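Number of protein chains: 2
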Amino acid sequence: MVTKADLQARARASELMRRRFLEISQLILKGERPVLVMPKRTLSNTIYDHRHKLLLLGPETLKRSFTDVNEARKFMQTMLMASIIYDSLVNNEYPTIRDLYYRGKHTISYRDIDGKVVHENSWEEQKESDSVIRDLEVFLNVLREELLILSKEKGKVVGNLVIRSGDDTIDLSRMGHGAYSIEPTPDLIEFKDVDAEYVLVVEKDAVFQQLHRYGFWRKNKAVLVTSAGQPDRATRRFVRRLSEELKLPVYVLADSDPYGYYIYSVFKIGSITLSYESERLATPGAKFIGVMMTDVFGDAPFSEVLARLDKGFPGISKSSLARLHGKKAYLDEKERRNYIIKAKQKDVERAVELVGYEVAEVCMDEGDLKSKVKKRKEGLTGYPWFRSPEWVRELCIFFKTLSKLEIEAMASKGLKFLADSYIPEKIETKDWID
Amino acid sequence: MVTKADLQARARASELMRRRFLEISQLILKGERPVLVMPKRTLSNTIYDHRHKLLLLGPETLKRSFTDVNEARKFMQTMLMASIIYDSLVNNEYPTIRDLYYRGKHTISYRDIDGKVVHENSWEEQKESDSVIRDLEVFLNVLREELLILSKEKGKVVGNLVIRSGDDTIDLSRMGHGAYSIEPTPDLIEFKDVDAEYVLVVEKDAVFQQLHRYGFWRKNKAVLVTSAGQPDRATRRFVRRLSEELKLPVYVLADSDPYGYYIYSVFKIGSITLSYESERLATPGAKFIGVMMTDVFGDAPFSEVLARLDKGFPGISKSSLARLHGKKAYLDEKERRNYIIKAKQKDVERAVELVGYEVAEVCMDEGDLKSKVKKRKEGLTGYPWFRSPEWVRELCIFFKTLSKLEIEAMASKGLKFLADSYIPEKIETKDWID
Numbered sequence: 001m002v003t004k005a006d007l008q009a010r011a012r013a014s015e016l017m018r019r020r021f022l023e024i025s026q027l028i029l030k031g032e033r034p035v036l037v038m039p040k041r042t043l044s045n046t047i048y049d050h051r052h053k054l055l056l057l058g059p060e061t062l063k064r065s066f067t068d069v070n071e072a073r074k075f076m077q078t079m080l081m082a083s084i085i086y087d088s089l090v091n092n093e094y095p096t097i098r099d100l101y102y103r104g105k106h107t108i109s110y111r112d113i114d115g116k117v118v119h120e121n122s123w124e125e126q127k128e129s130d131s132v133i134r135d136l137e138v139f140l141n142v143l144r145e146e147l148l149i150l151s152k153e154k155g156k157v158v159g160n161l162v163i164r165s166g167d168d169t170i171d172l173s174r175m176g177h178g179a180y181s182i183e184p185t186p187d188l189i190e191f192k193d194v195d196a197e198y199v200l201v202v203e204k205d206a207v208f209q210q211l212h213r214y215g216f217w218r219k220n221k222a223v224l225v226t227s228a229g230q231p232d233r234a235t236r237r238f239v240r241r242l243s244e245e246l247k248l249p250v251y252v253l254a255d256s257d258p259y260g261y262y263i264y265s266v267f268k269i270g271s272i273t274l275s276y277e278s279e280r281l282a283t284p285g286a287k288f289i290g291v292m293m294t295d296v297f298g299d300a301p302f303s304e305v306l307a308r309l310d311k312g313f314p315g316i317s318k319s320s321l322a323r324l325h326g327k328k329a330y331l332d333e334k335e336r337r338n339y340i341i342k343a344k345q346k347d348v349e350r351a352v353e354l355v356g357y358e359v360a361e362v363c364m365d366e367g368d369l370k371s372k373v374k375k376r377k378e379g380l381t382g383y384p385w386f387r388s389p390e391w392v393r394e395l396c397i398f399f400k401t402l403s404k405l406e407i408e409a410m411a412s413k414g415l416k417f418l419a420d421s422y423i424p425e426k427i428e429t430k431d432w433i434d
Numbered sequence: 001m002v003t004k005a006d007l008q009a010r011a012r013a014s015e016l017m018r019r020r021f022l023e024i025s026q027l028i029l030k031g032e033r034p035v036l037v038m039p040k041r042t043l044s045n046t047i048y049d050h051r052h053k054l055l056l057l058g059p060e061t062l063k064r065s066f067t068d069v070n071e072a073r074k075f076m077q078t079m080l081m082a083s084i085i086y087d088s089l090v091n092n093e094y095p096t097i098r099d100l101y102y103r104g105k106h107t108i109s110y111r112d113i114d115g116k117v118v119h120e121n122s123w124e125e126q127k128e129s130d131s132v133i134r135d136l137e138v139f140l141n142v143l144r145e146e147l148l149i150l151s152k153e154k155g156k157v158v159g160n161l162v163i164r165s166g167d168d169t170i171d172l173s174r175m176g177h178g179a180y181s182i183e184p185t186p187d188l189i190e191f192k193d194v195d196a197e198y199v200l201v202v203e204k205d206a207v208f209q210q211l212h213r214y215g216f217w218r219k220n221k222a223v224l225v226t227s228a229g230q231p232d233r234a235t236r237r238f239v240r241r242l243s244e245e246l247k248l249p250v251y252v253l254a255d256s257d258p259y260g261y262y263i264y265s266v267f268k269i270g271s272i273t274l275s276y277e278s279e280r281l282a283t284p285g286a287k288f289i290g291v292m293m294t295d296v297f298g299d300a301p302f303s304e305v306l307a308r309l310d311k312g313f314p315g316i317s318k319s320s321l322a323r324l325h326g327k328k329a330y331l332d333e334k335e336r337r338n339y340i341i342k343a344k345q346k347d348v349e350r351a352v353e354l355v356g357y358e359v360a361e362v363c364m365d366e367g368d369l370k371s372k373v374k375k376r377k378e379g380l381t382g383y384p385w386f387r388s389p390e391w392v393r394e395l396c397i398f399f400k401t402l403s404k405l406e407i408e409a410m411a412s413k414g415l416k417f418l419a420d421s422y423i424p425e426k427i428e429t430k431d432w433i434d
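Residue numbers (the UniProt record's numbering), protein chains in the order written: chain W, 1 to 434; chain U, 1 to 434.
If you are wondering where the hints come from, they were derived from the structure by calculation, not from laboratory data. Some hints could be false.
Below, a list of computed lysine to aspartate or glutamate pairs in the DMTMM-like style, where the Cα atoms sit at most 20 Å apart [unchecked claim]:
hint, chain 1, residue 1, chain 2, residue 2
1, W, Lys192, U, Asp171
2, W, Lys221, U, Asp168
3, U, Lys219, W, Asp168
4, W, Lys342, U, Glu120
5, U, Lys416, W, Asp87
6, W, Lys105, U, Glu124
7, W, Lys344, U, Glu124
8, U, Lys342, W, Glu125
9, U, Lys74, U, Glu23
10, W, Lys219, U, Asp168
11, U, Lys342, W, Glu120
12, W, Lys342, U, Asp6
13, U, Lys346, U, Glu361
14, U, Lys192, U, Asp6
15, W, Lys416, U, Asp6
16, W, Lys334, U, Glu124
17, U, Lys334, W, Glu125
18, W, Lys63, W, Glu128
19, U, Lys221, W, Asp167
20, W, Lys416, U, Asp87
21, W, Lys318, W, Glu244
22, U, Lys344, W, Glu197
23, W, Lys346, W, Asp365
24, U, Lys105, W, Asp365
25, W, Lys219, U, Asp167
26, W, Lys105, U, Glu333
27, U, Lys334, W, Glu124
28, W, Lys219, U, Asp6
Just so you know, these numbers come straight off a predicted model, no measurement behind them.
Whenever a hint applies, use it, and build me the whole structure from the sequences.
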């Protein structure tokens, strides 16, 4: 019943935990103060590595000491969670993070220094226990999936790829009209055979269904993946492994709006709150093939802005912006009129978050700027990886036109257009953003 | 590339559409007024069939006439949508409902009776075009999936079941740690071979993952399905087909809260706004095995209420409530304390919607009643299928304790407990609600 892959994973993980926590108990046996040392998971210790294009944890560490009254609670929580996870590992359990929250939730009653009985909960909300699990991930330098902690899983895949998962060999080109739903522990997947030229990650499940049904992946020798919205960890890890181990280029197809761009950046760079995972979950080589604002409008709206721009932005010279290649629009005037959706307030706010206030200030009409961006937030300089000439052009057109476009609009121009022209042409001509 | 199943489905659907709309064009050719006649999709024409336990459309029909000025717009929209869908069928397209909205969206300019030029959009929002698609479903008496309209799809399945989908034969017991993601057109699936005793539908994907990994379906000869939350149409149709064609009993496992109960009722009865689909999407024989409030508390809280209850409720006598079997609690006092979640305002409102205000009035403490149920809404008598002694007991305990419980809590008592005791025991002893 229990698969060999799981047994091996359990052995690896429990041995690792045993070894790391033995160090703590040895401190205690020696009469020393037990201390856990681990990298700090704070924003200030999150570094964007420009060379590797990755969010990483910096060198700062924190100490969690049992004998420090400010740290005792956290220390206790960490030890409690570690023991629950260890028990799950050796007892063939497959907990979820919700589970772990429930399992550890209890009330401790004790007398305080004045002899008064005090009740204290191990943790109040799942937020608290989740944070402890993250601490353990950085302490042990593993992903929680390697500790056989399961979760819901939205990612799907089809393509000329044969994998081994559990005790089965699965041909992902033989899924009929359905698809293979990726397991929550993607590190246990073994790639057996592949006959593909690239990976296409589609943000939207419905578009994945359309491309799959149309035979896109067969015709184009692609591995077709969907994250069904914001990607979960397993889908990100799976895509990363396809890129790293099978050396397949990865292209991301998302809506043309700040939310779609952000989904791409989660695949590529990692998410800012969980930077410690990026090193293993992010795919630095992933390319955004669309939908781009320049696919919708060409670069005319940006050229207009550029003409009246004195200099560029910090780190982005005007000349680097002017050097961008011209772009053809894939939609004509009438299609634009029918397909474009007006950007909402929160789209604008999200766009400012991505690329910074200065770009909005330059590209938006004055009236829009005042009504859509309430007040200038200092330090709102955007994420470094969106401060490239290419992204500034995209976001600038977004600010100027206050428009967005869904992938579905491209499909409604004809699935044939999307599958046989748009995607292959963009890949062929390298019309992507890196 | 294109599968035989799809080709056949296209031929069937396009022939049906051709035949039905030929009738309209013949009316026009004969010089008669073109009229579409179809069942009314209104709440007043939605009937709960107590015998078959199904929501059905009643006998009322509506006429949509081209020459009636109030109907002309709707008539035009229906013909427009029909022609787009027909074109998609014959052109090997796989549209989504979002697609169809985009494809038909355009502006018509015409001169009104005073010679003034008027601009009118074919439809403004997707809500409008979706409603037209529903009209076509009832007019043609097909599901939109049979017209090869695709959608995103959350449902997954594993088990001793071999299916044929597209050109592939797929063994759903060989999915490794992953799962088979159900296709959006489940009527095209062919059941080839099955070795299972029942279907277990799990509301939550994470719990599905746990049970799958634990080997639950193999040990218990179950087909394991998850709807990953509120079930989509394809998952409902797939489960219905398992029940109807393979004669497998269907058990639903959901959270113990009004939202979980409602998910069960969507599987069993259908959703009230889309009653026309129920005849083909609902599984009237589906049973709710848990989690029940009586699994958490036993029936003590209800006995208390029953003791002070003079008579029952309209249609539910006190004696029928008193005849209910006693129930054992699966959680002890300490587990209850750690696992139970306090019901929120919206849980209470949803519960009132399900079972009616009278039950809340009798079972809730007076203070709670006043603060949680703001004002009595007249006619809030609940859904007929929740007005059974068994459901009244469950909801009464919910109102009295204002507690809810997630399936995950049962899993955190031990996956072994959930998989080897709780579920099999409840099925074995028929401790379910029908």
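Hints, verified against the model:
Restraint check: the Cα-Cα separation between Lys192(W) and Asp171(U) comes to about 19 Å, which is no more than 20 Å; the hinted pair holds. For the hint pairing Lys221(W) with Asp168(U), the CA-to-CA distance comes to about 18 Å; that is within 20 Å, so the pair holds. Of the supplied pair hints, the one linking Lys219(U) and Asp168(W) holds, its CA atoms being roughly 17 Å apart against a limit of 20 Å. The hinted pair formed by Lys342(W) and Glu120(U) meets the criterion: a straight-line CA distance of about 19 Å does not exceed 20 Å.
For the hint pairing Lys416(U) with Asp87(W), the CA-to-CA distance comes to about 13 Å; that is within 20 Å, so the pair holds. Between Lys105(W) and Glu124(U), the direct Cα distance comes to roughly 50 Å. Violation of the 20 Å bound is thereby established for this hinted pair. The hinted pair formed by Lys344(W) and Glu124(U) meets the criterion: a straight-line CA distance of about 17 Å does not exceed 20 Å. Distance check on the hinted pair: Lys342(U) and Glu125(W) sit about 13 Å apart at the alpha-carbon level, within 20 Å; holds.
A distance of roughly 18 Å separates the Cα atoms of Lys74(U) and Glu23(U); the hinted pair therefore holds under the 20 Å criterion. About 17 Å separates the Cα atoms of Lys219(W) and Asp168(U), which keeps this hinted pair within 20 Å; it holds. With a C-alpha separation of about 19 Å, the suggested pair Lys342(U) and Glu120(W) falls inside the 20 Å cut-off, and the hint holds. In summary, the hint linking Lys342(W) to Asp6(U) is not supported, as the alpha carbons are separated by about 36 Å, beyond the 20 Å threshold.
A hinted pair counts as satisfied when its Cα atoms are at most 20 Å apart, and Lys346(U) with Glu361(U) qualifies at roughly 16 Å. For the hint pairing Lys192(U) with Asp6(U), the CA-to-CA distance comes to about 18 Å; that is within 20 Å, so the pair holds. Using a Cα cut-off of 20 Å, the hinted pair Lys416(W) and Asp6(U) holds, with the two alpha carbons roughly 17 Å apart. For the hint linking Lys334(W) to Glu124(U), the alpha-carbon distance of about 16 Å falls within 20 Å, and the restraint holds.
For the given pair, Lys334(U) sits about 18 Å from Glu125(W) by alpha-carbon distance, which is consistent with the 20 Å threshold. This hinted pair checks out: Lys63(W) and Glu128(W) have alpha carbons roughly 18 Å apart, not beyond 20 Å. Under the criterion of a C-alpha separation no larger than 20 Å, the hint pairing Lys221(U) with Asp167(W) is consistent with the structure, at around 18 Å. The suggested pairing of Lys416(W) with Asp87(U) holds, with an alpha-carbon distance near 13 Å, which does not exceed 20 Å.
With a CA separation close to 35 Å, the supplied pair Lys318(W) and Glu244(W) exceeds the 20 Å bound. Note on Lys344(U) and Glu197(W): the hinted pairing is violated, with a Cα-Cα distance of about 51 Å set against a maximum of 20 Å. Under the criterion of a C-alpha separation no larger than 20 Å, the hint pairing Lys346(W) with Asp365(W) is consistent with the structure, at around 17 Å. With a CA separation close to 28 Å, the supplied pair Lys105(U) and Asp365(W) exceeds the 20 Å bound.
A C-alpha spacing of about 16 Å is found between Lys219(W) and Asp167(U), which places the hinted pair at or below 20 Å, so the restraint holds. A hinted pair counts as satisfied when its Cα atoms are at most 20 Å apart, and Lys105(W) with Glu333(U) qualifies at roughly 14 Å. This hinted pair checks out: Lys334(U) and Glu124(W) have alpha carbons roughly 16 Å apart, not beyond 20 Å. With a CA separation close to 18 Å, the supplied pair Lys219(W) and Asp6(U) stays within the 20 Å bound.
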